[in-house]
Each structure stands twice: as structure tokens, then as C-alpha cells.
Amino acid sequence: MAKKRIVTATINGREEEFLCQPRQTLLEILRDTLSLTGAKEGCSNGNCGACTVLVDGRAVNTCMVLGVEADGTDIETIEGLAPGDGLDPIQEAFLGNAALQCGICTPGYIMAAKAFLDENPNPTEEEIRFAMAGNLCRCTGYDKIVRAIQEAAEKRAGQPASCQKETV
Amino acid sequence: MRDFDYEAPTSLADAVGLLTKSNGTARPLAGGTDLIDHVRTGRVSADLIVDLKKIPELMVLEVNDEGLRLGAAVPCYQIYEHPGILEHYSAISDSSNIIGGMQIQNRASVGGNLANAGAAADSTPALIALSATVVITGPSGTREIPVDEFCTGPGQNVLESGEIIVELRFPPRPAHSGSHYRRFIPRNEMDIAVVGVGASVVLDESGENFVSARIGLGAVAAKPFYAQEASEILAGQPVNDETIQKAGAAARAVIHPITDMRGTEEFRNHVTGVLTERVVKKAVERARG
Amino acid sequence: MATIDETKSAEGSDETPKYKVIGTRPIRHDGADKVTGRALYGADIKVKGMLYGAIHRSPHAHANIKSIDTSKAEALPGVRAVATSADLPEPGDKIAELGEGSVVLNHLSSNNLARTKVLYKGHSIAAVAADNIHIAREAASLIEVEYELLPPVLDVMEAMSDEAPVLNPDVRTEEVATGEKGDKPTNVAKRFLFEKGDIEKGFAEAKYVVEREFRTSTVHQGYIEPHVATVLWNNDGQITVWTPTQGTFSVRQQVAELLDVPLARVKVVPAEIGGGFGGKISVYLAPAAAVLSRKSGAPVQLVMDRADVLQATGPTPGSYIKIKMGVDAEGHLTAADAWMAYEAGGYPGAPIGAGAMCVFSCYDIPNGRVEGFDVCVNKPRTNAYRAPGATNAAFATEGVVDELCGKLGMSPIDFRLLNASKEGTRRIDGVVYPRVGLVETLEAIKESEHFKTPLTGKNQGRGIGSGFWFNAGLKSAVTATVNSDGSVGLLEGSTDIGGSRTAIAMQFAEAIGLAAEDIKPAVVDTDSVGYTDVTGGSRVTYATGWAAYEAAQDLKRQIIARSAELWDVDPAQVSYEDGHVIGPDKKACFKEIAVELSAGGEPLVGRGVSNHNEPGGAFGTHVVDVEVDPDTGKVDILRYTAAQDCGTAIHPAYVEGQIQGGAVQGIGWGLNEEYWYDKEGSMTNANFLDYRIPTCYDLPMIDAIIVEVPNPGHPYGVRGVGEVPIVPPPAALAAAIQDAVGVQMTELPMSPPRVLHELLKK
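Residue numbers (my numbering), protein chains in the order written: chain V, 272 to 439; chain W, 61 to 349; chain U, 9 to 770.
Accuracy of the hints is not assured; some may be wrong.
[As the list claims (entries may be wrong)] Capping the alpha-carbon separation at 30 Å, the derived lysine-lysine pairs in DSS-like fashion look like this:
1) U:Lys770 - W:Lys306
2) U:Lys56 - V:Lys275
3) U:Lys564 - U:Lys595
4) U:Lys460 - U:Lys415
5) U:Lys332 - U:Lys770
6) W:Lys341 - W:Lys306
7) U:Lys215 - U:Lys330
8) W:Lys341 - U:Lys466
9) V:Lys274 - W:Lys113
10) U:Lys303 - U:Lys102
11) U:Lys54 - V:Lys275
12) U:Lys80 - V:Lys274
13) U:Lys330 - U:Lys26
14) W:Lys341 - U:Lys770
15) U:Lys483 - U:Lys460
16) U:Lys192 - U:Lys102
17) U:Lys430 - U:Lys466
18) U:Lys215 - U:Lys430
19) W:Lys341 - U:Lys460
20) V:Lys275 - W:Lys341
21) U:Lys80 - U:Lys303
22) U:Lys26 - U:Lys415
23) U:Lys483 - U:Lys275
24) U:Lys770 - U:Lys466
25) U:Lys599 - U:Lys26
26) U:Lys483 - U:Lys564
27) U:Lys332 - U:Lys26
28) W:Lys114 - V:Lys274
29) W:Lys113 - V:Lys275
30) U:Lys483 - U:Lys454
31) U:Lys189 - U:Lys215
32) V:Lys275 - W:Lys114
33) V:Lys274 - W:Lys341
34) U:Lys80 - V:Lys275
35) U:Lys102 - U:Lys215
36) U:Lys415 - V:Lys274
37) U:Lys332 - U:Lys204
38) U:Lys769 - W:Lys306
39) V:Lys274 - U:Lys56
40) U:Lys466 - W:Lys306
Hints listed in this document are in silico derivations from the structure and should not be mistaken for laboratory results.
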């Protein structure tokens, strides 16, 4: 058995240290070791986006990242998105637009949308649809999700710039 | 997943040492978007995974008078956003922008896509069109080969035990040149190419005649390949529908398509011609600026 | 989005709204949990001391099992238990009634852990529990099975032939009308026959007759959450199952039957459910996990990956359908004939009955005949998928209707308006419609901005299609617990798959005179609420909503009686209106009286149950504009509008969401989704890369027009919404493709290679 590694990463702003077998994916570490079950396993091969989190500001499918690769990175998961007791504008927009039905794709969608809007704060519908194609939803037909992301972009644009992450 | 060990060397020499020592059961890791899935499903076995992303040579990305140097582990998002690549090597930008979704592009590399040697790899036809040279390092030193010779069959390549791709080198682009990669997929994103065509063209000063062209085809044979006849047919010819249709027909003549879950033989045959014409036209448009 | 309310428009628009809560769009009660990642879905449930399981699955599509050797798996360090079918009781020939249908227990048991045969690739054979998932998977791969290979049969027509290999030696053809059974082993499990009028005479009266054959591929529900079950078999024999399911009580019954234990010994705790669409009703993992738990003494979690989901859980059938229809010179349908064969998968149970009832459901036809067959093939056992059986049927019927319209030179929408089913229409299977809203959906489409906007581009086309689904009633129970401050908790047995907590709470709130936000709905386990049938059949908003309405009525009765006592007046002098209890000289709102009654007396608890079966069938009509690439056969959707009669829209945003989501599933079915098998019966696209469900980049916005023709069989006029919208899309797309490039597509999916093939033939 390959020996376990000690991995250190900043997760939702807090430095975390965890033991990790090389064969464990980052998704398994987040869900089983760190109890951050917001990232979901939908396809196990990078096609559905349900396991999306941000690593160093960029959206990745954690089912296709090894836990050991996370050493030294800055990770943001759905659990760290909402400020205090409120919600992030993207989360609010998903609720306000009824952009979820079963909700299993929602955490991944919201994190992907965040990464996308951080980079492209004022997207067209076409740009949203192109960027979000790696996140599958089987319930909504995407209409309300796209509208929610459009609304979130507008809301974020109305916020002071300090609230927005710099473009990577 | 089956048990394996993991190392992340910071030098080429260490990486080659690790890969050589473990006698072929070691696998190099760049973005992992193929490897991790293949190890999970048991399609590929590994006792050791060697992460190459901490090696500076594999993360090089430079465009200058000598051409383009593209480190093998550079993720797609850095490629398609790069102004020098967008301007001079747009076929590579086209490929990198459509390999998987955003999450895949943040990890996957062109070097990995090539090394995986899939018949339908999206970047390889673009590399062929742009005359890439593959720089390979291994236990017996460094060698360079034209990208057309890299893949040898489905999932097969020329890499010997312990060898890795370090970078891809591209010659500088002449004036009045343009390139494009496009694939046919059933959906609008997230699919594997059913037919993939990369083309680069060089026009004369008037923009009305082809000086030369290179067409790379994917998903229509056991490996991506340089469509020599289709490319040469364009050289010295005027830019018009008739010439371009001839190239399309020549491309169709050299493919060996199969029927599978992505498309039929009939479909691949027909669409190879259609797509070749469309891609050459777009490359011409870019060459004309 | 437009809303057409028949009652409102009839009575004028300046009146006060009919409802205070119904028709509004409150934020769903479970919303915060679901956007913060806190909601616990199946695989998020981690029970203390839990082991991880894995399944050994058949690599073959059809084989006899000669022996199973688990010794190497058992010897692997970290393995705690191994289970095979030998650990499940012999079910004999028992048939279990599961509320929404019956099942031969031996088939269900063998589908969970194969007994003597494997009937499809991916068929579960043995299960392992170990200290972690990696050990469990390795152990599962060490199980050795000796097979006697048998030829697979994958095509429904081939499977019906006398030469076909027979999958199940116990299956005999049942004539559904008479209950008679054939005497020889066969793959044909059932034959349906419906007849009406004189079909010969009907066709003789026709001016035009069109007959066509259609084929549709096997497709999957494609929910994003794979199946998972976590089970503890406690030391006292009590079994707890944590699982995402459409029906906790159905899981309880299936587990109890398969393990042969009393219902009361099984408790099913619903996890949040990540999509189902009919596919999360049957059990696949819980029985094996229960056995593993009993053997290991620890809770065990079994979870599928995507390949398991596609290869081993309920797809919906591929089918062969032949349709013949005739019209007279004025365009009236005179006769219709359908012959339909649906793939059941490994075990009987294709939704052919529903398909046969739906095939001509949109049309008033005087003479007709429908014959349907349930046929076993070496594919996973099929399960319900959103209006099961109806989409295949509509694709075929609407294709012939479109061709008839062409012969008549009549617009497809006017043809449908002329022949539409309406109140009093008798379907071929004999059912007479109550007040239904097909005509209204057709009119809504005809009047829509979309339909009135002409197409201008080359290779563009427009198509329409209509569809029907019965909807279901069945049993539901709700308990309303009133808190001492007048807020209310609502305990429900319907698992919430798309916002139904809120739709149920809204009906309760409307009835009692509170705001939706005053109600706290909770989906609870099978020990904590009365029996409730599955979240399926588009029944939850209708039936559990009705139970919530009844719980409110129960509370009102109690409040009236106890207020009368409190105020020392005759109960006949007390009434409950508009959220207030009103006595001769006193009036109190719900909260005030609830506080007072709670402080001074027994707790206020309301009980509501329903078992009504007038769910009001529902219709939808869709219009789609496409552009077809004539050189590649690729179909791009330019614009899409779906109109549907939903009775009364309780929460319009979630009604729109159901319509949009169903339409897009239908689009996926129509254009790209299919099971792709090699000759050995192995599915070669068992992943989300090559099983191509639509991404957001494949679609435009989906306009939903809510048509409200209230269901007379519900206190608020609710009809089910969820299933109808998947029915019309493939038919509408086929019509649009025909309009765009002049080829008639008779096979699903209408993928680029198929469309190009037709174009090249032209």
C-alpha cells in the first residue's frame, strides 16, 4: 500500500491538513475526509460538473484531480461561498429564479458560475451557455439557470468592486 | 482506484529517473483528465504516477520570432487566452477552447492530449496543420520528431519507456497565413470529435492564391494524420470553391472511417469533405485578415 | 411567461385574485440548504461505523451462472462481508402489489442479485462490504463467476420470433383483456388489445390512408445522482434504509418482501433525491446492502457509478411501432390502427399498457384498434420514465398525422383542432374524458407570438406536436402540527424531487389562511407519517396537496369546536373564513387562536389523507423551430414554446420548470440520446460523454405557456404537470425537420448520421 501523504491546503479560507492516499481523488477527500459533501459525484469522469470546486480561483472537476495534487493550493467549495448568515448573489439568484429542481447539480453549477463570472462579469447568454456546458442539469432544461446567472451578473455588477474577486 | 504511488518531481532529470526506474508501470500526469479516468476504470494500470506540472520546462509558453514553444503540461485555458497563439496559431486556440468544458480546460494539456494518442484527439490535427515538432526527453537523451509521426495507432505513440513529451515547437508563421481547427460533434459542446479537421494555409500577397497548405484529419482513421494529397492539391491554386472542393474530395479519399456510437462510416465520409472545405475557407479568411 | 386562466379571463380581469397563496412564487423552503451544499443527498449520508460496498456485475449480456466463487474476495484484508442471491430468501412465485403496479418478486429479487441467469451486461451478481471503497471495489473484482454463455437478443422484433433465445423460462404470454396465459416459454410477457367501432368501415370511409413504421432507441432517465443505499440491520432485526427514492413506502415494501420480513421492521429514511423521473422507484441496492449489514454487523453503503446507472438501472424501452390512420376529405379522422412492441429489458414490465392507451389519446377517432406487446430483451429491466410509454407512441402517431396533414393540405394545428380529444371523447381503450384542455393548448400555441412569427432562413422549419398523460391520484398522508406561536409544521411522505414541499405547503397555507412562509414542510421517514405512494405519476401536487388541504380542513373543524368551547357559544355560530375563526362577537386570526388554544389545551394536530383518482388527464402542445445543416444533418433548435394545461398552477415558476425540463428531456430523446450496443450486447456508451443528454449550449430559452383549465376533481383544480412535457418534443422535432429539409424521420434519435442518411438518399 502506497504510504499516505500529509497534504496542506487552504480550504474556504482556513488552512487544513489531511492525510491522503495517492489514489484518492480530491472529491473523495473533500467528501469523506473533510465532510464537505456539497461537491457531488455524478459521473466520475469529468462530464457532468457536479463536483466542481475552485482551485486557485479556477473551476475544476474534483473527480479528476488527485487529493495529493491539492497540496499548497487555495480551494473554495460551495460551503465557503455564502458570507456569514446571508447568501452570495449567485445563490440568491438561483433561489429567486427557481433555477433548481432536485438540486443535485446546483452546488457545482453555482461554483462554475462563480468562476465564470469572476472572469467575465458581463456575459451574453451565448457566453453563459458555452461556459456552462460542462455542467449538466437534467431537471430544469437550463432556462431558469441561465436566467439566474444573468441576474447574478447584474447583481454583482451593482456591488462595490472590492466584493469581486480579481480576474485570474 | 487501484493502489499507486505519487511523485511530483521539480526537474526533468528527476521525472525521467522516476519513470525509468519503475520499469514502465509509471504513468506521467499532466491535467489528468484522461489518465485519472483510465486508472479508475482499470483501462490503464499504474504503480506510480509522476506529476509533471512542477517541472518548469513543461510549463513554458512563449511566442516570439523563432516561433511558438508550448510546454507539454500547459493547461488549455492558458493556451486559448494567449494573444500570440490567438493571432498566429489560432488553430491551437480553437482546439484548446473546445476540449471538454471550462473545468476540463483548466486542467487538460495539449501535450497530454497528444500523448494519449486518441484517434479523435482535438488538438492533434491542429498541431499537424501547424507543423509542430515534438520534443521528447528520456533516459537516452532528447530527441525531436515531427508531430505527424508521433501517433502510431489508437492509444499508441512513439514514446519509449521513461520518455515524456517536454514541449511542442512550432515554426514562425509566414505573412498571409491563417489556420483553423473545427470538429463535428452531435451536441454543440462536450463531445468527442466525429470528424476533426485542422488546416493552415499560406496565401500569396494578393490573398487570391494558395502558396501552401497543411491539413490534419482526426477521428477518421486509427490515428490523426497529415492529409498530404489534400494539402498539396491546394498549393499554387487560386482560392475558389472549386479548388477547395478538390481538397475536400482528396481528404475523403484518404480516410478509413468506421461506424461507432459517434457516427457512421457514411457520415464520416461525407462530413470529412464538408468539414475540410469549411475549415480551409475559415483559414483563408484568417489569412486574409 | 404567459398565463392563460380560463376562469379569470371568463370573469374579467379586474376582480380580486381567486387565491392569496396559490399562483405566487415563494422561495422554496429547502432552498437555502440546496444552494449552500448543506442538503444531504443519498451519498452524503454517512452513518457512524459505516462500511463501503461494491457490486460484482456481469460482463455478459446473457448467460447461465454455473458457479460463483467469492473466496478470494473474502480473503482480501479489509473485507467484512460478501453477499450473493443465496443470502436472499426464495420468493417462489409471489407477486407483490406496489401501489403503482405489481411485480413478480422472483424477477425483482433476481434483478437485485442474479440467481441462475444474467440477463444483461451489468447485471448484479454479488456484493461486498469493506473498510473503504477502494478495498470493496478490488474485492468485487476478485469474485469469480463461471458462465455458460447464451446468445443475446437485443432487438424487440427478433425477441418476438419463435427462434429467439428465451430469457425467462417462467414467462408466458398473458392476454391482458382475459387474463389467459399461453403455454410455452416466450419473451412476450403481455399482449394488450383495445378496439373501438368498426375499423374496416372506418378505413373504407377514408379519403387518405397513411401507414408507417417507427423505431425508437432505448434511453435513460439520466438523473445526475447515481443510485445509493445505506442500510443498517440492527441487532434486534430492525432494518433502517437511508436512500434517495421517489417512494419511501415503496422501498419499504420492496425491501420487506425481498428479505421476507414484516413491514414494521423496515424504516426508510429519505435522503434528498438528485432526480428520478421514474427511475428511482425500484430497489437495486438496498436488499444487498441489508444482507451485507446483517452479515458484517455494521451499516453498509452501496453506491453506483455512472456506468452502473446506465447499464443496470431502468432505462425506458426502445420500441417498434406501426401506425395506420385514415381521414375523410374534410380532414376528420375515420380510423386508426396501431401495432406496438416495447422492450421490457431483462424482465417483463415495459410500459406498453400506458403506451397503448396513449397512442391515439389526442384524437377523437370513431374506429380504432391498438395491439401492444411487452417483450423481454437482453437489456437492463426497464422502468418508468416520465410519461412512460407515451413519448414513443406520440412520435409515431404525430408522424402519421403530419403526413396526413400534408395530403390534405391542411395546417397541422387546424387539423388537430378539428380532431382534438375533448370532454366526452372516448379513447380507443374505452375511457371517456372529463373536462380536458387539449384544445386550449392548441389555441394557446396558435395565438402565441412564436407561432405568429414567420420563419425566414434557409433550411429552417417549424413543427408542432401534442401529447397526453393520465396523471395519477393514489394515496397520500400529511400531518400538520401547530406550534404554540401559531406557525405550522407539515409532515409529508412525498419525497421532494422538484419543489413539492413548497407546492404542498402553499395549498395548506391557502386553505388555512396563512402565508407559505408560515409553514415548515418536512419530508419524513416511513415511521413518522401515514402511507404515501410514490413521487411519480405527476401526482404529488395533486394528491399530497389534497391531503394537505384535508389536514387544513381537519384543523379548521378542531379550531371551530374548541373556539366555541372557549368562547362559550354554540359551535354552529362559529365559522372559519379567510384565515379567521369568527364567532358571534369575536374574531381571531389563525395565529391568535392557535396561540390561545395551544396554551390552554391539547396540542393542535391536523390529519389529512387522500385517495382520489380523478387526477384529470393533461395535454400539452409544443412548437419548435429548427435549422438543419443540409451537409451534416445536424439539427439546431432556434426557438421552442410549450403550452400545457396544468389545471391550476400552484407555484407557476415550478410549473414552468417542469414544462421546460420535460421538453428538454424530450429534445434529448429526439435528437441524440440512445443506448449503443455491440453485437455481444455490451453497451459501448455507458457514460455521460457518449450518452449525450443536452447541455445548456444545445438549447435556446424554452418558453412555457401555462394554460389553466381547472380540474373539476381537485379542490384547487390541480392537474399533474411533470410528465406531459416529455411527450411532444420528438414528434414536434420530426415535423420541423421535415418542414426544413423535406425528409421524414421515422427513427429516434434523429441524430446527425440518421438525418444525413435521409438527406443523402433524397
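Okay, the hints, checked on the actual structure:
1. Between Lys770 (chain U) and Lys306 (chain W) the alpha-carbon distance is near 23 Å, which keeps this suggested pair within the 30 Å criterion.
2. The hinted pair formed by Lys56 (chain U) and Lys275 (chain V) meets the criterion: a straight-line CA distance of about 23 Å does not exceed 30 Å.
3. The hinted pair formed by Lys564 (chain U) and Lys595 (chain U) meets the criterion: a straight-line CA distance of about 14 Å does not exceed 30 Å.
4. A threshold of 30 Å between alpha carbons decides the hint, and for Lys460 (chain U) with Lys415 (chain U) the separation of about 23 Å falls inside it, so the pair holds.
5. With a C-alpha separation of about 24 Å, the suggested pairing of Lys332 (chain U) with Lys770 (chain U) holds against the 30 Å cut-off.
6. Using a Cα cut-off of 30 Å, the hinted pair Lys341 (chain W) and Lys306 (chain W) holds, with the two alpha carbons roughly 13 Å apart.
7. Between Lys215 (chain U) and Lys330 (chain U), the direct Cα distance comes to roughly 20 Å. Compliance with the 30 Å bound is thereby established for this hinted pair.
8. With a CA separation close to 21 Å, the supplied pair Lys341 (chain W) and Lys466 (chain U) stays within the 30 Å bound.
9. Proximity of Lys274 (chain V) to Lys113 (chain W) is assessed by CA-CA distance (about 21 Å); at most 30 Å being required, the pair is judged to hold.
10. Between the alpha carbons of Lys303 (chain U) and Lys102 (chain U) the distance comes to roughly 26 Å, so the proposed pair stays at or under 30 Å and holds.
11. A C-alpha spacing of about 23 Å is found between Lys54 (chain U) and Lys275 (chain V), which places the hinted pair at or below 30 Å, so the restraint holds.
12. With a CA separation close to 24 Å, the supplied pair Lys80 (chain U) and Lys274 (chain V) stays within the 30 Å bound.
13. With a C-alpha separation of about 47 Å, the suggested pair Lys330 (chain U) and Lys26 (chain U) falls outside the 30 Å cut-off, and the hint is violated.
14. As the CA atoms of Lys341 (chain W) and Lys770 (chain U) are separated by approximately 27 Å, the hinted pair is consistent with the 30 Å bound.
15. Restraint check: the Cα-Cα separation between Lys483 (chain U) and Lys460 (chain U) comes to about 43 Å, which exceeds 30 Å; the hinted pair is violated.
16. A distance of roughly 20 Å separates the Cα atoms of Lys192 (chain U) and Lys102 (chain U); the hinted pair therefore holds under the 30 Å criterion.
17. Proximity of Lys430 (chain U) to Lys466 (chain U) is assessed by CA-CA distance (about 37 Å); at most 30 Å being required, the pair is judged violated.
18. The suggested pairing of Lys215 (chain U) with Lys430 (chain U) holds, with an alpha-carbon distance near 24 Å, which does not exceed 30 Å.
19. Between Lys341 (chain W) and Lys460 (chain U), the direct Cα distance comes to roughly 37 Å. Violation of the 30 Å bound is thereby established for this hinted pair.
20. A threshold of 30 Å between alpha carbons decides the hint, and for Lys275 (chain V) with Lys341 (chain W) the separation of about 54 Å lies outside it, so the pair is violated.
21. Taking the CA atoms of Lys80 (chain U) and Lys303 (chain U), the gap is about 17 Å. The hint holds against a cut of 30 Å.
22. For the proposed pair Lys26 (chain U) and Lys415 (chain U), the alpha carbon gap of about 46 Å is over 30 Å, so the pair is violated.
23. Restraint check: the Cα-Cα separation between Lys483 (chain U) and Lys275 (chain U) comes to about 19 Å, which is no more than 30 Å; the hinted pair holds.
24. Note on Lys770 (chain U) and Lys466 (chain U): the hinted pairing holds, with a Cα-Cα distance of about 18 Å set against a maximum of 30 Å.
25. Between Lys599 (chain U) and Lys26 (chain U), the direct Cα distance comes to roughly 23 Å. Compliance with the 30 Å bound is thereby established for this hinted pair.
26. A threshold of 30 Å between alpha carbons decides the hint, and for Lys483 (chain U) with Lys564 (chain U) the separation of about 22 Å falls inside it, so the pair holds.
27. Our distance criterion of 30 Å between C-alpha atoms is broken by Lys332 (chain U) and Lys26 (chain U), whose separation comes to about 46 Å.
28. The straight-line distance between the Cα atoms of Lys114 (chain W) and Lys274 (chain V) is roughly 21 Å, inside the 30 Å bound, and the hint therefore holds.
29. A threshold of 30 Å between alpha carbons decides the hint, and for Lys113 (chain W) with Lys275 (chain V) the separation of about 21 Å falls inside it, so the pair holds.
30. Restraint check for Lys483 (chain U) and Lys454 (chain U): not satisfied, since their Cα atoms lie roughly 38 Å apart, outside the 30 Å limit.
31. A distance of roughly 40 Å separates the Cα atoms of Lys189 (chain U) and Lys215 (chain U); the hinted pair therefore is violated under the 30 Å criterion.
32. A hinted pair counts as satisfied when its Cα atoms are at most 30 Å apart, and Lys275 (chain V) with Lys114 (chain W) qualifies at roughly 20 Å.
33. At most 30 Å may separate the alpha-carbon atoms for a hinted pair to count; Lys274 (chain V) and Lys341 (chain W) exceed this at roughly 55 Å.
34. Restraint check for Lys80 (chain U) and Lys275 (chain V): satisfied, since their Cα atoms lie roughly 26 Å apart, inside the 30 Å limit.
35. At most 30 Å may separate the alpha-carbon atoms for a hinted pair to count; Lys102 (chain U) and Lys215 (chain U) exceed this at roughly 52 Å.
36. Between Lys415 (chain U) and Lys274 (chain V), the direct Cα distance comes to roughly 74 Å. Violation of the 30 Å bound is thereby established for this hinted pair.
37. At roughly 15 Å between alpha-carbon atoms, Lys332 (chain U) and Lys204 (chain U) fall within 30 Å of each other, so this suggested pair holds.
38. Straight-line distance between C-alpha atoms of Lys769 (chain U) and Lys306 (chain W) comes to about 23 Å, which keeps the hinted pair within the 30 Å bound.
39. The straight-line distance between the Cα atoms of Lys274 (chain V) and Lys56 (chain U) is roughly 25 Å, inside the 30 Å bound, and the hint therefore holds.
40. Straight-line distance between C-alpha atoms of Lys466 (chain U) and Lys306 (chain W) comes to about 26 Å, which keeps the hinted pair within the 30 Å bound.
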